[in-house]
Amino acid sequence: MSGSTATKRTGLGPPVLCVLDRAHRGAVEAQFFHALYGLLDLHGQFERVDVALRGPAVTLAVEEDEYRPSVRLGTMELDTLPDYRGSVRDLVAEGFTVFVDREAVTALGFAPERLVAGTVLLDSTELARRWPEYDQVWFV
Amino acid sequence: MAMERRMWDLLLILTAAPHSSDVVTSALRLSQAMLDRGGSVRVWACGYANMMTQDTFGDTKLPNTRDPEGHYPSPSAVVQRMIADGGGRFGWIACTACSEERGAVHHVPQVRHRSPLRLAATIAGARRTLYLGGA
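Residue numbers (full-length UniProt numbering), protein chains in the order written: chain W, 1 to 140; chain X, 1 to 135.
Mixed in with the good hints there might be a few duds.
Stretch-level coverage of chain X by chain W, calculated; a stretch enters the list once three of its residues show a Cβ under 8 Å from a Cβ in chain W [unchecked claim]:
(1) 11-22
(2) 49-63
(3) 69-76
(4) 104-114
(5) 117-126
Restraint ranges, calculated between C-beta atoms of paired labels, are given here [unchecked claim]:
(6) X:Gly125 - W:Leu12: 51 to 59 Å
(7) X:Ala33 - W:Asp21: 28 to 36 Å
(8) X:Glu101 - W:Phe139: 22 to 30 Å
(9) W:Arg68 - X:Ile123: 18 to 26 Å
(10) W:Ala117 - X:Leu117: 50 to 58 Å
(11) X:Pro109 - W:Ala117: 47 to 55 Å
(12) X:Gly58 - W:Thr75: 15 to 23 Å
(13) W:Gly38 - X:Glu101: 24 to 32 Å
(14) W:Phe139 - X:Ile123: 46 to 54 Å
(15) X:Ile123 - W:Glu63: 42 to 50 Å
(16) X:Gly38 - W:Arg130: 38 to 46 Å
(17) X:Arg6 - W:Gly13: 51 to 59 Å
Hints listed in this document are in silico derivations from the structure and should not be mistaken for laboratory results.
Even glycine gets a Cβ: it sits at the ideal position worked out from N, Cα and C.
All chains, please: the whole structure from these sequences, using the hints.
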């Protein structure tokens with residue numbers, strides 16, 4: 001999906017860190033309407049929004065080039081399933097800092113160098129030390 | 001003499017809620033794989049799975065602000081399409097109790113309404129039953 005429509009930043013809301021622990025919350029029914037879309041759609045209302053991917057959600061930032069967000073159901077080729085990698089690339093392009101928890105990446109067997117370019121690999125303890133930089137921390 | 005009941009090849013009892021995991025998608029893919037092999041499948045929507053077939057969705061999802069011209073079929077449109085394309089080999093049952101409990105009683109007309117008191121009879125009408133949990 002295109003990430004070309006940059007949201008106009010009005011900056012009324014406080015700086016927020018959004019923590020995502022759960023991944024894959026619906027595909028056919030969700031399509032574009034997933035948690036990362038919500039962040040991309042709403043972040044213009046806030047002074048700053050950054051994202052921390054932890055647990056299984058770190059897989060959203062693992063780069064790969066085989067998966068196609070498409071499924072055939074009946075005579076329909078539904079090619080609008082969630083494209084999480086694409087959304088993480090959009091987050092980076094739109095100025096979010098995207099932190100990715102190092103322990104979760106290695107525990108799940110992924111190589112840290114395979115993450116989407118521009119994301120920030122961070123130890124869990126280091127991530128906690130960044131919390132005071134935000135007015136609010138949301139568990140999305 | 002008792003009327004001969006139709007036997008379905010596969011019954012999927014789907015209790016996973018949409019937008020909570022990818023189990024709904026797995027159920028649809030599994031159904032399609034069965035249909036591709038010539039079999040018949042019916043889905044018993046239990047709990048929040050009854051949200052999938054509400055007629056209030058219309059044919060498409062809400063606009064994607066990042067792709068306003070894109071076409072995104074609604075969950076009910078996907079199910080309706082599978083029923084139409086299945087030519088009688090794909091069915092969808094809405095549980096009347098779960099639907100009422102959630103105020104989600106406006107199903108698309110292709111969906112069959114069934115009381116939970118008929119769950120065992122529905123299982124008896126299928127050669128195989130898979131219970132896909134996750135509620």
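We went through each hint and held it up to the structure:
Here's how the region 11-22 of chain X fares: 5 of its residues keep a CB closer than 8 Å to some CB of chain W, so the rule of at least three is met and the hint holds. Only residues whose C-beta sits within less than 8 Å of a C-beta in chain W count toward coverage, and the region 49-63 of chain X has 3 of them, enough to reach three; the restraint holds. With 5 residues bearing a CB less than 8 Å from a CB of chain W, the region 69-76 of chain X meets the requirement of three and the coverage assertion stands. Restraint check on the region 104-114 of chain X versus chain W: 0 residues with Cβ-Cβ distances below 8 Å, three needed, restraint violated.
Only when three residues or more bring their CB closer than 8 Å to a CB of chain W does the claim for the region 117-126 of chain X stand; here the count is 0, and the claim is violated. Restraint check, Gly125 of chain X to Leu12 of chain W: a C-beta distance of roughly 57 Å satisfies the suggested window 51 to 59 Å. Remark: the range hint 28 to 36 Å for Ala33 of chain X to Asp21 of chain W is upheld by a beta-carbon distance near 31 Å. A hinted range of 22 to 30 Å holds for the C-beta pair Glu101 of chain X and Phe139 of chain W, which are about 28 Å apart.
Between Arg68 of chain W and Ile123 of chain X the beta carbon distance is about 36 Å. The supplied range of 18 to 26 Å is therefore violated. The hinted range of 50 to 58 Å is satisfied by Ala117 of chain W and Leu117 of chain X, whose Cβ atoms lie roughly 57 Å apart. Taken as a hint, the range 47 to 55 Å holds for the pair Pro109 of chain X and Ala117 of chain W, whose Cβ atoms sit roughly 49 Å apart. Evaluation of the 15 to 23 Å hint for Gly58 of chain X and Thr75 of chain W yields a pass: the beta carbon distance comes to about 20 Å.
A hinted range of 24 to 32 Å for the beta carbons of Gly38 of chain W and Glu101 of chain X is consistent with their spacing of about 27 Å. Range check, Phe139 of chain W to Ile123 of chain X: about 39 Å between beta-carbon atoms, so the 46 to 54 Å window is missed. Distance hint for Ile123 of chain X and Glu63 of chain W: a CB-CB separation of about 44 Å, consistent with the stated range 42 to 50 Å. At about 56 Å, the CB distance of Gly38 of chain X to Arg130 of chain W disagrees with the hint of 38 to 46 Å.
Range check, Arg6 of chain X to Gly13 of chain W: about 57 Å between beta-carbon atoms, so the 51 to 59 Å window is met.
The structure fails to meet hints 4, 5, 9, 14 and 16 from the earlier list, while all remaining hints are met.
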